[in-house]
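Residue numbers (my numbering), protein chains in the order written: chain G, 2 to 115; chain Y, 91 to 201.
The set of hints was computed from the structure by calculation and includes no laboratory data. Among the hints, a few may not be true.
[As the list claims (entries may be wrong)] Far from chain Y, by Cβ distances over 12 angstroms, these chain G residues were calculated:
#1 Ser84
#2 Arg95
#3 Ile114
[Unchecked claim] Some chain Y residues judged to face chain G by a derived CB distance under 8 angstroms, without partners named:
#4 Tyr129
#5 Ser130
#6 Pro134
#7 Phe151
#8 Leu178
[Claimed, not checked] No more than 25 angstroms apart at the CA atoms, straight line, and that leaves these computed lysine-lysine pairs for BS3-like:
#9 Y/Lys157 - G/Lys58
#10 G/Lys12 - Y/Lys132
#11 G/Lys12 - G/Lys58
#12 Y/Lys200 - Y/Lys157
#13 G/Lys58 - G/Lys71
#14 Y/Lys157 - Y/Lys146
Cβ atoms here follow ideal geometry from the backbone N, Cα and C, with glycine treated the same way.
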Amino acid sequence: DAGITQSPRHKVTETGTPVTLRCHQTENHRYMYWYRQDPGHGLRLIHYSYGVKDTDKGEVSDGYSVSRSKTEDFLLTLESATSSQTSVYFCATRGEGSRNQPQHFGDGTRLSIL
Amino acid sequence: QKEVEQNSGPLSVPEGAIASLNCTYSDRGSQSFFWYRQYSGKSPELIMFIYSNGDKEDGRFTAQLNKASQYVSLLIRDSQPSDSATYLCAVNSGSNYQLIWGAGTKLIIKP
C-alpha cells in the first residue's frame, strides 16, 4: 500500500487556535487530497493538490487552507479552529495514469475542538 | 450537483450468505467506479474497481456495473463476520481526478 503517514494521529485543542495537520507520502504520487469524515456525511473533500504549489478547493474548503511545497508533503491548516471542525481528517494520494487509479488513504487524524 | 447514493443500512446478513450492496450515481460521464471497505475507527481501503459494463470478480467479491441504469453493486459471497464493516462507493467525477463518495452502507454479518 502507498506509504502515507498522517500526523498527529489525535489532537485536542481549543476554539480559536491554529491547527496544522501533516500528510507525508513516500510513493511520489502527484495527487493528494484532504477529506473530513463525519457521521451521516461520508467523505467530503476539503482541498486537493495536483502538483507542487498547485492546489484547489473542494466542497467544504471554508475555514481551511493547504500548502504543498514538496511532492511528499501536503499540509492542512485550520487558521482559527471552530467546534464545527471537530472531525476525522483523512489524507489520500493517487498516482498518475488512467482514471482507474484508486486513491489510497492514510490512517487519519482525530481532531477535537473544545 | 453530482451525487452518489447508498442505502445507509445497517444491512444484516447471515454468515455464509451473499451480501448485496448497491450504489447509484447521477453523472452519466462517470467512467470509473470503486468499492472501499472501512472498519470502525480505521481508514478506507480499496476492495476493487470496475469500469466496464458487466461483472468483475475478485475472490469472494463481485462488482457489477450497469451504466445505462447508472448503478454499481458489490456482491460478497460466503459472507464472514470479518466482512462486517461500512462499504463506501466512489465514482470518478468526469474529467478530473476527484472522486464523488457515497455515505456508505453498514454491513453486519451475523454468526
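- Task: Hints the structure violates: just list their numbers, smallest first.
- Result: 2, 4, 5, 7, 9 and 12
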